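J.: Letter by letter, the chains look like this.
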Amino acid sequence: MLTTVTVLSTSAVLFALGATGVMLRRNPVAMLMCVEIMLNAGNLVLVLGSRAQGNDAGQATALIVLVIAAAEAVVGLGLALVLFRNREPVDVDEPRAVRG
Amino acid sequence: MDVFFAPVLAACVVAFFSALFVVTARGAIRAVVALLAHSLAIAALYALLAAGLVAVGQLLIYSGAIVVLFLFVVALLPPGGRELSSQPLRVTAGILVGLVLLAALFTGLGPATAGGLQLTGAGAEIGSVTGVGHQLFDAGKLLIPFELTAPLLLVAIIGSVALWRRQGAPS
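Quick mapping for you: the protein sequence lines, in order, are chains A and B. Using this note's numbering, read the first sequence as starting at 115 and increasing by one per residue. Using this note's numbering, read the second sequence as starting at 3 and increasing by one per residue.
Bound conformation, chain A alone (with noise of 0.2 Å):
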């Protein structure tokens, strides 16, 4: 139950970390790594779920969101160093359109 409690207060506690993060940082590589807490945190919760229920549908879905996360970052990344080529230093809030 303790053990529970803390996963679960922890996941939640370093979601509202990476939004924080997500609206405080301007360097679109940061707000990338922000957005990686927060899935991480998701699948933390995914995992304790699936430990609870003795079910590894949890575990599965994990995986999936892990290959996800890959594609958010390669795309995430790309559009960074593109904003990054023009301009510097860079500030999310300057560029009015990426064309692409």
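None of these hints come from the bench; they were simulated from the model. Remember, predicted model here, so these are calculated numbers, not experimental data. C-beta atoms are modelled at their ideal positions from N, C-alpha and C, and glycine is treated no differently. Be aware that a few hints might be false.
Computed beta-carbon distance windows for the label pairs [stated by the list, open to error]: (1) A:Ile182 x B:Asp140: 31 to 39 Å; (2) A:Ile182 x B:Phe23: 21 to 29 Å; (3) A:Gly156 x B:Val58: 15 to 23 Å.
Using the hints, position chain B against chain A.
T.: Same frame as chain A, but now just chain B:
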């Protein structure tokens, strides 16, 4: 008390503080190294929660591939990813959003824990490669979402290459 409680608590503390450092660190390289520590702590938590396969996946995909990809991008950036400091309004808004989200999450999670989300003795049977593989590949379970991740990755590859070439230098 659960025999796993002390290691779980330690991994949770490491995951929290490394995430805090990712959010607050000024230098991008430091943030990436903190993200690596965060990812390793999360992998340890997965292993402690009887999810060995997910822990290995986390190590290989997150710590091995994604964090290294972040490191490469930060190293490629011209000024090492220099960042303007956040305005006070942005800091206020960010902290406000975080606190509201935290309150909402704990309100939602309260009934779940009060209902006795117990770690039963079923831990030994779950987390095997066979079990997770049956979930992923049996028709009627997660087969279709799992197969759809293949076109998703393909689209991500094509998208990032197209984005780079369209924006790229005339060469």
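J.: Work down the list of hints and note, for each, if the structure agrees.
T.: Outcome of the hint check:
1. A:Ile182 x B:Asp140: 31 to 39 Å: Since the Cβ atoms of A:Ile182 and B:Asp140 sit about 21 Å apart, the hinted range of 31 to 39 Å is violated.
2. A:Ile182 x B:Phe23: 21 to 29 Å: Since the Cβ atoms of A:Ile182 and B:Phe23 sit about 25 Å apart, the hinted range of 21 to 29 Å holds.
3. A:Gly156 x B:Val58: 15 to 23 Å: Given a distance of about 19 Å, which is inside 15 to 23 Å, the answer is holds.
Checked against the numbered hints above, the structure violates only hint 1.
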